[in-house]
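2 protein chains.
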Amino acid sequence: MMITTSSIELYKEYRSCIQRIADIKNASAVLQWDQETYLPQKGAFFRGQQIATLTEIAHELVTGRKYADILQELVSRNDLPEKELRNVQLSWEEYTRQNKLNSRFVRAMSETVSKSFHAWIEARKENSFAVFEKELEELVVFKKEEASMIGYKHHPYEALMDEFEKGCTVAFLDKTFNNLRPPLKNLLDKIGGKQERDDSFLYLHYPKQQQWDFGIEIIKQLGFDFEAGRQDISEHPFTTSFNSNDVRITTRINENDFSSMLWGCIHETGHALYEQGLPESEYGLPLGSYTSLGIHESQSRLWENNVGRSLPFWKHNYTHLQKVFPEQLKEIRLDQFYSAINKVKPSLIRTEADELTYHFHVMIRYELEKLLIEGNLTAHDIPAYWNEQYAKYLDIKVTDDKHGCLQDVHWSHGSFGYFPTYSLGSFYAAQLFAACKKQNPAIYVYMENGETKVLLEWLRKNIHQYGKQYNSNELCEKATGEHLNIQYFLDYALDKYRNIYKF
Amino acid sequence: MMITTSSIELYKEYRSCIQRIADIKNASAVLQWDQETYLPQKGAFFRGQQIATLTEIAHELVTGRKYADILQELVSRNDLPEKELRNVQLSWEEYTRQNKLNSRFVRAMSETVSKSFHAWIEARKENSFAVFEKELEELVVFKKEEASMIGYKHHPYEALMDEFEKGCTVAFLDKTFNNLRPPLKNLLDKIGGKQERDDSFLYLHYPKQQQWDFGIEIIKQLGFDFEAGRQDISEHPFTTSFNSNDVRITTRINENDFSSMLWGCIHETGHALYEQGLPESEYGLPLGSYTSLGIHESQSRLWENNVGRSLPFWKHNYTHLQKVFPEQLKEIRLDQFYSAINKVKPSLIRTEADELTYHFHVMIRYELEKLLIEGNLTAHDIPAYWNEQYAKYLDIKVTDDKHGCLQDVHWSHGSFGYFPTYSLGSFYAAQLFAACKKQNPAIYVYMENGETKVLLEWLRKNIHQYGKQYNSNELCEKATGEHLNIQYFLDYALDKYRNIYKF
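So the sequences go chain by chain: A and B. Mapped onto the working numbering, the consecutive letters of the first sequence carry residue numbers 104 to 606. Mapped onto the working numbering, the consecutive letters of the second sequence carry residue numbers 104 to 606.
In isolation and in its complexed conformation, chain A is listed as follows (with noise of 0.2 Å):
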C-alpha cells in the first residue's frame, strides 16, 4: 500500500490519524477543565477513570503500528511541501522519543508520579518535606533513568528539559542565568537602598463581583474573543485549549488581594491569546500547537508585567478602577499605584515574587535540579540546600518547608526541566516587546489611549500564526532578527524600575 499511495494521500491518512488522537487529548482537556470548575464533589473518582481511559486510548494509537507505518514512510521519502513535511517530522520525533520509553517503564513511573503527588500533599499538610522525600528520591531515580533512556549530547538535564523547551541546553542556561545575576543583583541593591513602596491599598476589601466585571472588561479590551473562549472561577488559575475557537481561561479571587485576580486574568490572557492565534487550519497537527512552553510563557508575561504592570496601560485604565473601586482607591493617585503594583521585595512564595526577585526563585530550582539528575544532591539534602540558597540569594530565612521547598507542584507531578521556562518567557517578552516596539515607536501613545491591537496584530503575525513551524530560538531571531539578548530584560527592567524607585 505504502508503495503505490501518493504522498499527498498518505499525508492525508497521517492527518486523519493524528487529527483523530487530537479529538481525543482534547475531549480529556475538557474533562480536566470540568472538573477544576464544575465538577460536582463526588463525581471524581470516575471522572479520574474517564480521563485515564482517554489517555491510555490516545497512547495507543500514537504509539500504534499503523501510526508508525504512515510516519516512517512520509519521513523516508522526504517529498513533501514544507509546511507538511515539517509537521510529520515533529511527528516523528515526538513518536521516536515516546517509544525510546517502554511501556512497562512508562507505567512504573506513572504509579510512582501518582504516589509523589499524593505525598507532596500530604507533606504539604503536616508542613514537613521527609513526608515527600522518599517518594522524590523515588522519582528523581526514573527522570534519571527516563534521562538516559531519552539520550542527551551534554548533560542529562538537557533531556529532560527538551519536552518542554526543545533544543535549550545546560550550556546556553548556566550562561544566560550568570550574565543576569551579577546586574540583577546590582539592581536589586539599588532597590533595596531605597524607600519601601506602600502597596497596603493593594489589600483592602475588594468585592468579588466588581472584581469580576473589571477582570472581563480588561480581558475584552486586550482582545481576548469571548466568541472562542470563556472564564470561569477554579482554585488555581490555567488556561486550556480544546482548539483555536474554544480557548478557555480560569481565575481565582481574593477580595482582600487586587492583585490575585487582576495580574492572574492578564497572564492567562496572554496565553490564551497564543492559543487563540494559532491556526485553525492545523488543528491536531504540531504546526497548530505552541512552539515552546518558554515561548507560550513569553506571552502571558508580556501581557502580564510589559503592558499590564506599565504605566501607559493604567494611564488609560486607572480613572475607570478609580469609578469601580472609589473608597479603596479614590486617595490613591496613578504613580503610587503604578508603584505599588510594582513593588519589589524579596519573598519566600514565587508565584508572588516581583518581576526582578522572580528570576532568583528560577535559578535556585534550576541548579538544584541540575544536581538532582546530575547525582550531587539527593532529595534529602533539599531542604537544607534550600534554605541557604534563599539566604545567599534573597537574604531571606525560610520559616518552613511550605514556604519552602515544598511551595512547586512541579516535581510531584514528575516534571523536572519546566522552571527555566518561567525565566526564558520573561527574557523572550522583553526582547518581543522591544521588537515590536521598534516597528511600531507610537505603541505608548497607543496603550495610553486603549489600544492594544498593534501589539496583539504583531504577535500575531511574528509568533501565533507559525505554531511549531519554527523552534523558540528561530521564531525569536525571525521576529526580533537576534537569538534571545537578555540585555532587552535588563534594559526594561532598568528602565521600569529606575522610574519607579528615583535612582
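Quick caveat, the hints were computed from the structure, so don't treat them as lab data. It cannot be assumed that every hint is accurate.
Which copy is meant is left open, because identical chains are indistinguishable; a pair holds if it fits in one copy or across any two.
Computed list of lysine-lysine pairs in DSSO-like fashion (alpha-carbon distance at most 27 Å, straight line) [to be verified]:
1) LYS297 x LYS473
2) LYS115 x LYS145
3) LYS145 x LYS564
4) LYS145 x LYS186
5) LYS128 x LYS169
6) LYS128 x LYS237
7) LYS323 x LYS311
All values derive from a computational prediction rather than experimental measurement.
For chain A, the structure is supplied; the task is to place chain B on it using the hints.
Just chain B now, kept in the frame of chain A:
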C-alpha cells in the same frame, strides 16, 4: 484462553471492557453537556468532530471481536451468579441487536438522520412541512428496513420501540390507549363544561434570579444531591448522567412564564433522582443503568405531577412562594394557584399540554408512526392527517406546521417508537404513587410538611436500586403487585380534577 479461564475471571474482563466503553460514552456525554451549557459559539465545529470521534471509538469497541468473544463464551457457559448473568445477557442482547445492522447501513442511516435534522431546522424556519417531507420519507424507508433487519414478532413498530421500551407490544399499546380514550374524553367533556380557570397571574413578570433561587430550593427539598450533581441553564431542559455521582440537570427561565422554569426543574429532578439512585457498583454495566424510558419518564412525571402539581406540596410551599413574589401572588389564594397550575385546556403544543390532553398528543403521534411504518401513510400525508386528528380528538384547529406536525424533534433524530413512553411514564407514575401511598397512608401529611423523603426512599428501594435488573413490566409488578393498569391514572385524574373543577 476461554476454556481455561474461570467464569469469574472472564466476567472481570467483560466488566473492564464495558466500563472502558462507558468511560468513552460518558466522556462524550460531558462534551455534549458542555455544548448545551458553556461552549463558546465558534467552538461548535471541532466539538462536533470530537464527539464524533468518541462515538466512533465506542462503537468500534462495542462491536469488536474481543468483547463479542467474551460475551458469547459467558452466555454459553451460563454459570454466573444471577446479577452477573443478567448483565452479561443484556450486553449480549445489545451486541446482537447492534450487529444485525451492518456498518454500511448504519453509516447511510446516520447520514440521512443528519440531513433530516437540518431539513427539519430549515422547515421550522420556513414554517413549512414540505421542506422536511423528502428527507423524512427517506428516513421512514430506513426505519422500515431497520425494523426488518432487527426482526419482530407481530408488528414492525415493535422492533423500533424495543430500543426505548423493551418488550412493549403494539397489541398492548392499542389496548391501553383504547381503554384510556373513552374515560379520558369523558373527563375532558366534564371539565369543558365548567368555567375556565384563570391562570393569567402565572404570566406576569417573574424576575430571573428569584426564579432560579426558588427552583434550587425546591430541587434541594426534593432530595437532589448537589454534591453528586448540579443544575445549569440551557436552551432546552435536559438531564444527563456521567455516573450516579455526577448527574446534571438544566433548566431555562422565561421571565413571563413562571411555569416554564419550575415544573421543568421538578421534571428534570425526577429524572435525576433516578440516576443518582442507580447502583454505583454497577457503573457502566446494564444493572447500573435505567430500565426503560417509560420507567425513566415515570420518575420525572411522578415528581412533576403527582408531587409538584399536588395540593399537599403547595400547602407547604405556597406561603414561601408568595413571599418571594409578593407583587405577583399576594392577592392569589392557594386554591386559585392550585387550579391555575392544573388548568386543563386543549392546546397545540405537546410539551405545554396539561396532564389530561397530553395523552391525545401522544396517541395521535403513536397512530401516525404506526401507519408510517406499516406503509399505510406516507410523509406527504402527514399534515392533513395530523390536522384532522387534532380536530377530531382535541377539537382544535392547527394554525400552521410549526404548531402542528413540525413541533417535535424526534423524527428528525430518527426516533420512531419513542412517544408512547411519555404516556407510559404517566401511567406508571400514578400506579407507583398509589402503591407508595398504600404502604405509607400518611404520605400527604408528610408532603404538607415539606417531607418527600418517604417517597424518595420508596422509589430508591422499589425502582432505582435495581437498574436494569428487571424490565419495566417485571419492575412494575414487583413494586406494585400488578402489571401496568391505567385505572390508577384514571382514578388519580378523576379525583384531582373533580376537586378542582367541582363536578
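How the hints compare with the structure:
{"no.": "1", "hint": "LYS297 x LYS473", "in the structure": "neither (35 Å within a copy, 88 Å between copies)"}
{"no.": "2", "hint": "LYS115 x LYS145", "in the structure": "between (43 Å within a copy, 25 Å between copies)"}
{"no.": "3", "hint": "LYS145 x LYS564", "in the structure": "between (45 Å within a copy, 22 Å between copies)"}
{"no.": "4", "hint": "LYS145 x LYS186", "in the structure": "between (46 Å within a copy, 26 Å between copies)"}
{"no.": "5", "hint": "LYS128 x LYS169", "in the structure": "both (19 Å within a copy, 25 Å between copies)"}
{"no.": "6", "hint": "LYS128 x LYS237", "in the structure": "neither (32 Å within a copy, 39 Å between copies)"}
{"no.": "7", "hint": "LYS323 x LYS311", "in the structure": "both (19 Å within a copy, 26 Å between copies)"}
Violated hints, in rising order: 1, 6; the structure is consistent with all others.
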